[in-house]
Amino acid sequence: MPMVPVARFKFVDSTFPAIESSLVPSNWASLPGISTLPVRLWRAVRVHLRGDLCAPFQVNTVVKWVRPNQLEIKPGGPAGADSATVATVELLHGGAADSADVRQGNLGDCWLVSALCVVAGCANDNYLGQVRSMLVFVWSWVTAVWLSGF
Amino acid sequence: MNKQTEGCGAYVVRFFIGGTWKSVIVDDLIPAVRGTGGRFRPAFAHSGSGRSLWPAIVEKAYAKLCGSYQAVTGGYVHVGMAEMTGGVAERLDLFDDDAQTALADGSLWAQVKGYFDAVRCNCSI
Chain A
868 MPMVPVARFK FVDSTFPAIE SSLVPSNWAS LPGISTLPVR LWRAVRVHLR
918 GDLCAPFQVN TVVKWVRPNQ LEIKPGGPAG ADSATVATVE LLHGGAADSA
968 DVRQGNLGDC WLVSALCVVA GCANDNYLGQ VRSMLVFVWS WVTAVWLSGF
Chain B
-17 MNKQTEGCGA YVVRFFIGGT WKSVIVDDLI PAVRGTGGRF RPAFAHSGSG
33 RSLWPAIVEK AYAKLCGSYQ AVTGGYVHVG MAEMTGGVAE RLDLFDDDAQ
83 TALADGSLWA QVKGYFDAVR CNCSI
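Which chain is which? The protein sequence lines are A and B, in order.
Numbered per the numbering used here, the first sequence finishes at 1017, counting up by one with no gaps.
Numbered per the numbering used here, the second sequence finishes at 107, counting up by one with no gaps.
A hint or two may mislead.
Some, not all, of what chain B presents toward chain A, calculated at C-beta under 10 Å [to be verified]:
#  : residue
1  : I(-1)
2  : P13
3  : G19
4  : F22
5  : P24
6  : F26
7  : H28
8  : V40
9  : K46
10 : S50
11 : Y51
It should be emphasised that the hints constitute simulated quantities derived from the structure, not laboratory data.
Given the structure is predicted, the values throughout are model-derived calculations rather than measurements.
Positions of the beta carbon are idealized from the N, C-alpha and C atoms, including for glycine.
Input sequences plus hints: build the corresponding full structure.
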């Protein structure tokens, strides 16, 4: 069995860090040049308009940002299938996206998650067709630039 | 991703935003709540079995694009579908006058059935 190289370092994205400001926008009032009054008014209006529509965002429920190896895996699935091996979280368990296995969680993004489910169940050829047409578009653009002698 | 970068916890997700594909790179640090057995459960989008990571990764990439997780709350399904596929999305309001007429004469049923057979269709309330 070929050895699969394991990366020594885990990538840490410093542009979208694992801190609270990535959950809720950072405090605008602390930015220089912005007085707090408009910000307070904006928040008040926003809460007034959206308070009943959106469930409160419970940022305090997030206790930690974790890597996949710290996530729990629910028991279940085919009986005894994983008894011999330690179950791990994979990017795509079973090699294909299962749209019935997607849960929303504690964030009001039903629109994104439901779109995700539908796209996940999508036949690949449709999607590839679109990707292909995009490639053709980019290629013709590159060709045009090349022909114009840029 | 290739074999050499496998396991480093970096993922690239592509969205079709404003007419072009935008690639968003994220790490696999997932906001989580306390679970059982000293482990954690993703706070937001996740897979029910806990086996697949992709829902959390795609959501994180979209949150990064928007600036924060909170910025993702509230939106339209057809926008999400278009942004994920680069396709053309259409929204059909069933309480629309035209839709009500089409509902009465049965052509709406054929139209929606056509959507399910040929393309992708989603419903929201």
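The hints, checked one at a time:
1. I(-1): Violated, because the Cβ-Cβ distance from I(-1)/B to chain A comes to roughly 13 Å (cut-off 10 Å).
2. P13: holds (4 Å)
3. G19: Because about 6 Å separates G19/B from the closest Cβ in chain A, which is inside the 10 Å limit, the hint holds.
4. F22: holds (5 Å)
5. P24: Given a least distance of 6 Å, the restraint on P24/B holds.
6. F26: This interface hint holds because 4 Å falls under the 10 Å limit.
7. H28: holds (5 Å)
8. V40: Since chain A brings a Cβ to about 6 Å from V40/B, closer than 10 Å, the hint holds.
9. K46: Holds, about 4 Å.
10. S50: Because about 5 Å separates S50/B from the closest Cβ in chain A, which is inside the 10 Å limit, the hint holds.
11. Y51: holds (5 Å)
Violated hint: 1 only; the structure is consistent with all others.
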